[in-house]
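Enquirer: Residues in the sequence shown are numbered from 1 upward in steps of one, following the working numbering.
A couple of the hints might just be wrong.
To be verified - Below, simulated DSBU-like cross-link-like pairs (lysine-lysine); rule was C-alpha separation at most 30 Å, straight line:
#1 K119 - K350
#2 K381 - K298
#3 K69 - K196
#4 K219 - K119
#5 K340 - K350
#6 K381 - K334
#7 K67 - K35
#8 K91 - K16
#9 K381 - K340
#10 K334 - K318
#11 K219 - K63
#12 K16 - K119
#13 K63 - K381
#14 K298 - K67
#15 K381 - K318
#16 K340 - K122
Honestly, the hints are just simulated from the structure, not real lab data.
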Amino acid sequence: MPGSLFLFKDIKTSAKHGTVIYYSILAYIVSLFIKNIPVISNGLMILILVFAIINTSRKNYFKQFGKEKVNIGIILFFVFQLLSVFFSSDKSSGFNILSLRVPLLIFPLAFCLIDFDQKIWKSILFFYVFATIIASMVGFLYGSYLARLENNTAYFYNDNISELLLGKQAAYFGLYINVAILAIVYLLKENKDKAKPGNILLFISIFWLLFINYMLASKMSTLSLVVILISALFINIIRKKKVLEGFILVFGVLIAIVILDNVFPKTIDRFKTVTQTGFSFENTNAENSLDTRFDSAKWSSGSTRMALWTCGREIFVKHPIFGTGLGDIRNSLKEKYADKHFEYALNTNKNLHCQYFDIAVSMGAVGLLLFLFLFFAYPIKVFISNRQDFAVSVFICVGLCLLTENMFDRLQGEQIIAFILPLSVKIFDVKEEALIDYQPDTY
Numbered sequence: 001m002p003g004s005l006f007l008f009k010d011i012k013t014s015a016k017h018g019t020v021i022y023y024s025i026l027a028y029i030v031s032l033f034i035k036n037i038p039v040i041s042n043g044l045m046i047l048i049l050v051f052a053i054i055n056t057s058r059k060n061y062f063k064q065f066g067k068e069k070v071n072i073g074i075i076l077f078f079v080f081q082l083l084s085v086f087f088s089s090d091k092s093s094g095f096n097i098l099s100l101r102v103p104l105l106i107f108p109l110a111f112c113l114i115d116f117d118q119k120i121w122k123s124i125l126f127f128y129v130f131a132t133i134i135a136s137m138v139g140f141l142y143g144s145y146l147a148r149l150e151n152n153t154a155y156f157y158n159d160n161i162s163e164l165l166l167g168k169q170a171a172y173f174g175l176y177i178n179v180a181i182l183a184i185v186y187l188l189k190e191n192k193d194k195a196k197p198g199n200i201l202l203f204i205s206i207f208w209l210l211f212i213n214y215m216l217a218s219k220m221s222t223l224s225l226v227v228i229l230i231s232a233l234f235i236n237i238i239r240k241k242k243v244l245e246g247f248i249l250v251f252g253v254l255i256a257i258v259i260l261d262n263v264f265p266k267t268i269d270r271f272k273t274v275t276q277t278g279f280s281f282e283n284t285n286a287e288n289s290l291d292t293r294f295d296s297a298k299w300s301s302g303s304t305r306m307a308l309w310t311c312g313r314e315i316f317v318k319h320p321i322f323g324t325g326l327g328d329i330r331n332s333l334k335e336k337y338a339d340k341h342f343e344y345a346l347n348t349n350k351n352l353h354c355q356y357f358d359i360a361v362s363m364g365a366v367g368l369l370l371f372l373f374l375f376f377a378y379p380i381k382v383f384i385s386n387r388q389d390f391a392v393s394v395f396i397c398v399g400l401c402l403l404t405e406n407m408f409d410r411l412q413g414e415q416i417i418a419f420i421l422p423l424s425v426k427i428f429d430v431k432e433e434a435l436i437d438y439q440p441d442t443y
């Protein structure tokens, strides 16, 4: 029984509450991969927070929060966003945007108060990996079925294997896959006996998820994963002086890429659109897709972002300190699109497709610097000091994926980010567990 592993003061009551929290977290993970059930996901979030609050004695609230400085930083940025809404002209729009970001308040707050031991946190992480693998298999098999049924290979790629059944666009599902891969790498590193059947399955799962990442053809999720894994590889080579093993692994990956490029060439073709950055605001054509050949007359992912970022930069120059206000960014963008005769962006209601640009425009340089410090600079410094390699990799992965998407303004992005960042804060390496002060009398 999961509750029996918790470190509570009132064993019977706390074990019951702890069991509810544990299984609610697992249920939330499952809900991430079921299409169109935000009511259930949000209900589970609230349930987790409520039980976390009632299971913590009031005198220990400050003690708990004092140990969770990284999660507190995420909460503080949410408060800053709330202030930005109050200083906006269009408060209704501001609260509408903020409502999508409420998970970034609920999960960090709840996880501040939940003090499971490491076995429980790691079992939650393992369950996330398992759920992601199953979801990716279901999505890919359904895409394969449609590809054969419609005689259209496009169903093997991109949104077609993640959105049709799972309700996730490739750019967002790529982050889910990346986190699962990083979690498997961490779990394998923690398990010393590599020959165990469970570990062998984890090795196989890595190759499967790398394949899915490739087939999703999401440029930033793939690039972010490559950057992190190569960096981790070189760090490991330097630490353990395993140069030969490193070269063999890199060579194997290169061979795999060549094979995949020959069997599934559309992913590589998609990366070529990054170089297509020229644009005309008056272009009313649609954007290129994997279903058709690349047409230079249409918008590409590169040209679309260059145009959007140009608009964002011009707005930022007018409001450099505190921005337009979170509530006024949408109207400001629409006005700029209209001024530029950017009909494509107006008709499709485009956001800035970069979370950093979005924060800079809506909350100015002050908001952007605060965000960078609270979400990345300070947490990564803490994680490096504690040798929390998994947390470092997750925060960097999220940070890179935010470069090309407004993930805070889409529920499919917000749900995973709000969950995985506070969870990764709780994960420590085995060798660091002795340094953790669990405070058994917290509850």
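Enquirer: What hints, given by number in increasing order, does this structure fail?
Expert: Hints 1, 2, 3, 4, 6, 7, 8, 9, 11, 14, 15 and 16 not satisfied by this model.
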